[in-house]
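Enquirer: So the protein lines, in turn, are chains A and B.
According to the numbering used here, the first sequence holds residues 1 to 112 in order.
According to the numbering used here, the second sequence holds residues 1001 to 1111 in order.
I should point out that these hints are in silico values taken from the structure, not numbers from a laboratory.
Remember, it's a predicted structure, so these values are computed and weren't measured experimentally.
Each residue gets a CB set at the ideal place from its N, CA and C atoms; glycine is no exception.
Please note that the accuracy of each hint is not assured.
Using C-beta positions, here's what the derived DEER-type ranges look like [stated by the list, open to error]:
#1 N62/A / E1026/B: 23 to 29 Å
#2 Q1080/B / V88/A: 24 to 30 Å
#3 K1003/B / N28/A: 31 to 37 Å
Straight-line Cα separation of at most 25 Å, PhoX-like style, residue types lysine-lysine; simulated pairs [unchecked claim]:
#4 K1041/B / K9/A
#5 K1037/B / K100/A
#6 K1040/B / K1103/B
#7 K1106/B / K1040/B
#8 K1003/B / K1110/B
#9 K1037/B / K1056/B
#10 K100/A / K1110/B
#11 K1110/B / K1057/B
#12 K100/A / K1041/B
#13 K9/A / K1056/B
#14 K1103/B / K1067/B
#15 K100/A / K1040/B
#16 K1003/B / K1037/B
#17 K1003/B / K9/A
#18 K1003/B / K1067/B
#19 K9/A / K1106/B
#20 K1067/B / K100/A
#21 K1057/B / K1067/B
#22 K100/A / K1057/B
#23 K1057/B / K1068/B
#24 K1103/B / K1068/B
#25 K9/A / K1057/B
Take a look, some chain A residues computed to stay more than 12 Å from chain B by CB distance [as the list claims (entries may be wrong)]:
#26 D26
#27 N28
#28 R44
#29 G53
#30 Y64
#31 S67
#32 R68
#33 S69
#34 T71
#35 P75
#36 L78
#37 S80
#38 Q108
#39 S110
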Amino acid sequence: NAGVTQTPKFQVLKTGQSMTLQCAQDMNHEYMSWYRQDPGMGLRLIHYSVGAGITDQGEVPNGYNVSRSTTEDFPLRLLSAAPSQTSVYFCASSPWGNEKLFFGSGTQLSVL
Amino acid sequence: EDKVVQSPLSLVVHEGDTVTLNCSYEVTNFRSLLWYKQEKKAPTFLFMLTSSGIEKKSGRLSSILDKKELFSILNITATQTGDSAIYLCADWCGSQGNLIFGKGTKLSVKP
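Take these sequences, add in the hints, and give me the full structure.
Expert: Right under this line is the structure:
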């Protein structure tokens, strides 16, 4: 089973560039979310979705956009990258109403 | 505001020691508390606690929840170098329908 798949694993951007972090899950989970992890900060929620066509903001949504056109995919878009967005990004999913999240392996992003 | 506070933030012990990691929480519409272990990459699930006083156990790891005092502890007995990791505590925030994470406890086990 693939579970939650994130691509790319590593990315270096220049300030102002845009990019999309991809996340796909094959478990038919309704709930998907994006977290960022910075040293000493734990995991902070960026955006989440409870089903196709439904998204909402988390704790730190500024500078990020999401969409959910299918149950399987939940891409995270950086419209104009900033050094403050240098972080490790995790995508996670679960069946709706089930608190146990399944995490992808993460994307390490550096913005210069 | 919903929040989860873990202590200590870092801890260094020697193999064989027993450690206790703490997690206190303030969340609306509490449903469950979860513990994750994070080594190099993705967090991996350890325990989910929903009821007070019922210990969850897996090998040398155990955890318990106190819903009256709003905290949980994670115990690791006879620590090994492989236990070195960041341990994350998270609460399901019912008002938002999301997991709220603490900052984590970085455990280092020296041989």
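Enquirer: Please go over all the hints and tell whether each is borne out by the structure.
Expert: Here is what the structure says about each hint:
The hinted window of 23 to 29 Å between N62/A and E1026/B holds, with their beta carbons roughly 24 Å apart. Checked against the given bound of 24 to 30 Å, the beta carbons of Q1080/B and V88/A, roughly 26 Å apart, stay inside it. Our hint of 31 to 37 Å for K1003/B and N28/A holds, since their Cβ atoms are close to 32 Å apart. A distance of roughly 11 Å separates the Cα atoms of K1041/B and K9/A; the hinted pair therefore holds under the 25 Å criterion.
Using a Cα cut-off of 25 Å, the hinted pair K1037/B and K100/A holds, with the two alpha carbons roughly 13 Å apart. With a C-alpha separation of about 16 Å, the suggested pairing of K1040/B with K1103/B holds against the 25 Å cut-off. For the suggested pair K1106/B and K1040/B, the alpha carbons sit about 12 Å apart, so the restraint of at most 25 Å is met. For the hint linking K1003/B to K1110/B, the alpha-carbon distance of about 31 Å lies beyond 25 Å, and the restraint is violated.
For the proposed pair K1037/B and K1056/B, the alpha carbon gap of about 15 Å is at most 25 Å, so the pair holds. Proposed proximity of K100/A and K1110/B is contradicted: the alpha carbons are some 31 Å apart, above 25 Å. Of the pairs offered as hints, the one joining K1110/B and K1057/B holds, with about 24 Å between alpha carbons and a cut-off of 25 Å not exceeded. Proposed proximity of K100/A and K1041/B is supported: the alpha carbons are some 17 Å apart, at most 25 Å.
Taken as a hint, the K9/A and K1056/B pair is broken in the structure, with Cα atoms around 34 Å apart against an allowance of 25 Å. A distance of roughly 20 Å separates the Cα atoms of K1103/B and K1067/B; the hinted pair therefore holds under the 25 Å criterion. Between K100/A and K1040/B the CA atoms are separated by roughly 20 Å; this keeps the pair inside 25 Å, and the hint holds. This hinted pair checks out: K1003/B and K1037/B have alpha carbons roughly 19 Å apart, not beyond 25 Å.
Distance restraint check for K1003/B and K9/A: the Cα-Cα separation of roughly 30 Å exceeds the 25 Å cut-off, and the hinted pair is therefore not satisfied. With a C-alpha separation of about 15 Å, the suggested pairing of K1003/B with K1067/B holds against the 25 Å cut-off. The hinted pair formed by K9/A and K1106/B meets the criterion: a straight-line CA distance of about 23 Å does not exceed 25 Å. Our distance criterion of 25 Å between C-alpha atoms is met by K1067/B and K100/A, whose separation comes to about 19 Å.
This hinted pair checks out: K1057/B and K1067/B have alpha carbons roughly 18 Å apart, not beyond 25 Å. Using a Cα cut-off of 25 Å, the hinted pair K100/A and K1057/B holds, with the two alpha carbons roughly 17 Å apart. Of the supplied pair hints, the one linking K1057/B and K1068/B holds, its CA atoms being roughly 21 Å apart against a limit of 25 Å. With a CA separation close to 22 Å, the supplied pair K1103/B and K1068/B stays within the 25 Å bound.
Taking the CA atoms of K9/A and K1057/B, the gap is near 33 Å; set against the 25 Å cutoff, the hint is violated. Every CB of chain B lies more than 12 Å from the CB of D26/A, the least distance being 16 Å, so the non-interface label holds. With a minimum CB-CB distance of about 18 Å to chain B, N28/A clears the 12 Å threshold, and the non-interface call stands. Distance check on R44/A: its Cβ comes as close as 7 Å (rounded) to a Cβ of chain B, failing to clear the 12 Å threshold; non-interface status is violated.
No beta-carbon of chain B comes within 12 Å of the beta-carbon of G53/A; the shortest separation is about 16 Å. Separation of Y64/A from chain B is adequate, the least Cβ-Cβ distance of about 15 Å exceeding the 12 Å criterion. With a least CB separation of 18 Å from chain B, S67/A remains clear of the 12 Å interface cut-off, as annotated. Chain B leaves R68/A outside its interface by the beta-carbon criterion, the shortest separation being 15 Å against a cut-off of 12 Å.
The claim that S69/A lies off the interface holds: its Cβ sits roughly 21 Å from the closest Cβ of chain B, which is beyond the 12 Å cut-off. Non-interface call for T71/A relative to chain B: holds, since the shortest CB-CB distance, roughly 17 Å, exceeds 12 Å. No beta-carbon of chain B is positioned within 12 Å of the beta-carbon of P75/A; the least distance is around 18 Å. The Cβ of L78/A sits about 21 Å from the closest Cβ of chain B, beyond the 12 Å cut-off, so the non-interface label holds.
A cut-off of 12 Å between C-beta atoms confirms that S80/A is not in contact with chain B; the least separation is 26 Å. At roughly 10 Å from the closest C-beta of chain B, the C-beta of Q108/A falls inside 12 Å, breaking its exclusion from the interface. Here S110/A stays apart from chain B, with its beta-carbon at least about 17 Å from theirs, past the 12 Å limit.
Hints 8, 10, 13, 17, 25, 28 and 38 from the list above are not met by this structure, while the remaining hints are.
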